[in-house]
Amino acid sequence: MLLIDVDGPLNPYAAKPHRRPEGYQTHRMRPTGWEQPWQKPLRVWLNPTHGAALQALPFDLVWCTTWVHEANEWIGPHIGLPSLPVIEWPDGAQGPRHACPGGTFWKTRHVIDWAQGRPFAWIDDDFADVDREYIAREHDGPALLHWVSPRDGLLDRDFKALADWASRFAA
1 MLLIDVDGPL NPYAAKPHRR PEGYQTHRMR PTGWEQPWQK PLRVWLNPTH
51 GAALQALPFD LVWCTTWVHE ANEWIGPHIG LPSLPVIEWP DGAQGPRHAC
101 PGGTFWKTRH VIDWAQGRPF AWIDDDFADV DREYIAREHD GPALLHWVSP
151 RDGLLDRDFK ALADWASRFA A
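Using this note's numbering, read the sequence shown as starting at 1 and increasing by one per residue.
For each label pair, taking beta carbons as the anchor points, the in silico distance ranges come out as:
1. Asp140 with Arg20: 39 to 45 Å
2. Arg151 with Ala52: 21 to 27 Å
3. Lys160 with His27: 25 to 31 Å
4. Pro37 with Gly102: 40 to 46 Å
5. Gln55 with Arg132: 22 to 28 Å
6. Gln25 with Lys160: 20 to 26 Å
7. Pro77 with Gly102: 36 to 42 Å
8. Pro37 with Arg118: 39 to 45 Å
9. Pro82 with Arg132: 29 to 35 Å
10. Arg132 with Pro37: 41 to 47 Å
11. Pro21 with Pro82: 20 to 26 Å
12. Leu42 with Arg118: 29 to 35 Å
13. Pro142 with Glu73: 27 to 33 Å
It should be emphasised that the hints constitute simulated quantities derived from the structure, not laboratory data. Just so it is clear, the structure is predicted and the values come from calculations on it, not from any experiment. Note that CB positions come from ideal geometry on N, CA and C, so glycine has one too.
My request is simple: use the sequences and hints to build the entire structure.
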């Protein structure tokens, strides 16, 4: 499985505000939390080639994002992805590192619970060494936590790293 975060890997939100990364298109969106008419729509940069590139990898794709099911509505169609399964977060799951086991990212323990020992690769921009250590200790299967720069989004080298890792498990 490839667990996909949106903001950072697919939407390089930390790039310079007036310098959209090459290959990306600007989208103005009103997902949950952005519905008020007085609010500016959320600016999201997406690369339309990423859907095909993700589908070409030897993984089952799963959304692992705070966009939850809205990723299928607002993100997937712009990059050519079909509707994907979604990891749903428990109420109150989001929190600071100091409030999570061992100072981990708030998603980490929920990903382990969701994966149930199955192998997975996870792309996100919010990992730390403590997350890798926690997953190595608490998860029964192989796992790759692949950090993606929130300034650049997914690059060719990221797709190569994911494909190389997956090839280790090919029959």
